[in-house]
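Engineer: What follows is the residue order along each chain.
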Amino acid sequence: MTIIIAILVIGIIGLIFGALLGYASVKFKVEGDPLAEQLDALLPQTQCGQCGYPGCKPYAEAVANGEAINKCAPGGDDTIKKIADLMGVEVQPLDGNHETDNSPKVAFIIEEDCIGCTKCIQACPVDAIIGATKQMHTVIIDECTGCDLCVAPCPVDCIEMRPISQTTRNWQWDLNSIPLVQLETTSQGKEV
Amino acid sequence: MTDYLLLLVGTVLVNNFVLVKFLGLCPFMGVSSKTETAIGMSYATTFVMTLASLLSYLVKTYVLSPLGLDYLTTMTFILVIAVVVQFTEMVVHKTSANLYRSLGIFLPLITTNCAVLGVALLNMYEQHNFLESIIYGFSAALGFSLVLVMFSAMREKLANADVPNPFKGSAIAMITAGLMSLAFMGFTGLVKF
Numbered sequence: 001m002t003i004i005i006a007i008l009v010i011g012i013i014g015l016i017f018g019a020l021l022g023y024a025s026v027k028f029k030v031e032g033d034p035l036a037e038q039l040d041a042l043l044p045q046t047q048c049g050q051c052g053y054p055g056c057k058p059y060a061e062a063v064a065n066g067e068a069i070n071k072c073a074p075g076g077d078d079t080i081k082k083i084a085d086l087m088g089v090e091v092q093p094l095d096g097n098h099e100t101d102n103s104p105k106v107a108f109i110i111e112e113d114c115i116g117c118t119k120c121i122q123a124c125p126v127d128a129i130i131g132a133t134k135q136m137h138t139v140i141i142d143e144c145t146g147c148d149l150c151v152a153p154c155p156v157d158c159i160e161m162r163p164i165s166q167t168t169r170n171w172q173w174d175l176n177s178i179p180l181v182q183l184e185t186t187s188q189g190k191e192v
Numbered sequence: 001m002t003d004y005l006l007l008l009v010g011t012v013l014v015n016n017f018v019l020v021k022f023l024g025l026c027p028f029m030g031v032s033s034k035t036e037t038a039i040g041m042s043y044a045t046t047f048v049m050t051l052a053s054l055l056s057y058l059v060k061t062y063v064l065s066p067l068g069l070d071y072l073t074t075m076t077f078i079l080v081i082a083v084v085v086q087f088t089e090m091v092v093h094k095t096s097a098n099l100y101r102s103l104g105i106f107l108p109l110i111t112t113n114c115a116v117l118g119v120a121l122l123n124m125y126e127q128h129n130f131l132e133s134i135i136y137g138f139s140a141a142l143g144f145s146l147v148l149v150m151f152s153a154m155r156e157k158l159a160n161a162d163v164p165n166p167f168k169g170s171a172i173a174m175i176t177a178g179l180m181s182l183a184f185m186g187f188t189g190l191v192k193f
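Residue numbers (our numbering), protein chains in the order written: chain U, 1 to 192; chain L, 1 to 193.
Treat the hints as calculated values from the structure; they're not laboratory data.
Heads up, some of the hints might be wrong.
Derived BS3-like pairs: lysine-lysine, alpha-carbon spacing no greater than 27 Å straight-line [claimed, not checked]:
| id | chain 1 | residue 1 | chain 2 | residue 2 |
| --- | --- | --- | --- | --- |
| 1 | L | Lys94 | U | Lys29 |
| 2 | L | Lys21 | U | Lys81 |
| 3 | L | Lys21 | L | Lys34 |
| 4 | U | Lys82 | L | Lys21 |
| 5 | L | Lys34 | U | Lys57 |
| 6 | U | Lys29 | U | Lys57 |
Produce the entire structure from the sequences given, and follow the hints as far as they go.
Structural biologist: As structure tokens, this is what we get:
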């Protein structure tokens, strides 16, 4: 008899705790992976796929799950340093397999050769190529991230990557803007 | 009031769980290489210890003792601790993803931290009442945190120190822990019970 009571008591205690944990797991459910979100914000968002993942978000998720942090070629050493800070690991040099010429480039379509197959349009991750079937395509330079994903699909090899020289028009002023704070005005006798 | 204060000081300094009773040595050696992680671990352990000693007191007094099931205490306490740790893990995961990652495996391993079960069992053996149990649990965790954070700060300094080759790594950490323990033994007699 005592054994039955003992088993019952342990069972009931276990049930109560189990219910409590079940409730807590619903209440404290973590939406997505907050770490992957933070990593994604650090990555350059070129969606170039040079890391071997289909885009920046998948790579961010992979890093959150323990993938090497040094595979982002467009981000370079700066991004690796930031990721290392966030993950609390050592800074590593850029992975040799993913090391590429990092000078800014844009895709250029040699328009005489273009047959209007739209294959490069489908490959472009940032929709920087405009054109229609059997119409000549062209690249919107301001949108192009220089990921060179459109080069491979082109059947007539009419796309080439051209370096862009730095001019006053495309110079990126990477200034950390000083955030403006709206101070509360202490109005004297005047309703705001 | 004085009794409670004496219990607190006595548990933190004189009968320190780590350095005098030698409980909870695993996280003491394992999570002490970085002060930041050590502080996070301290918060988590403090939360778990206090809540576990409170819950185990309630379960023991209102469920096990009236039914004459005192022989089940150890098992039930482990159940209670496991639940509290799981709960803490969920809360930490929700509130601080960074801390969750840096604590890693040591967070669920609080379950097997013998200091937590030790508090619950010592509460029972020393027949503490409800308030005493909570204070004992809290001050044990406070003592654990104090020693852990102090030790991790020392280890950070040691990382840059010119340690002789044979003592590098864990060896010097063990010696440091021993010397700290020696120092804490000096508190014996601070509080007369």
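Engineer: Evaluate each hint against the coordinates.
Structural biologist: Hint by hint, here is what the structure shows:
Taking the CA atoms of Lys94(L) and Lys29(U), the gap is near 7 Å; set against the 27 Å cutoff, the hint holds. Distance check on the hinted pair: Lys21(L) and Lys81(U) sit about 43 Å apart at the alpha-carbon level, beyond 27 Å; violated. Of the supplied pair hints, the one linking Lys21(L) and Lys34(L) holds, its CA atoms being roughly 24 Å apart against a limit of 27 Å. A threshold of 27 Å between alpha carbons decides the hint, and for Lys82(U) with Lys21(L) the separation of about 43 Å lies outside it, so the pair is violated.
Taking the CA atoms of Lys34(L) and Lys57(U), the gap is near 30 Å; set against the 27 Å cutoff, the hint is violated. For the given pair, Lys29(U) sits about 21 Å from Lys57(U) by alpha-carbon distance, which is consistent with the 27 Å threshold.
Hint check: violations occur at hints 2, 4 and 5; the rest are consistent with the structure.
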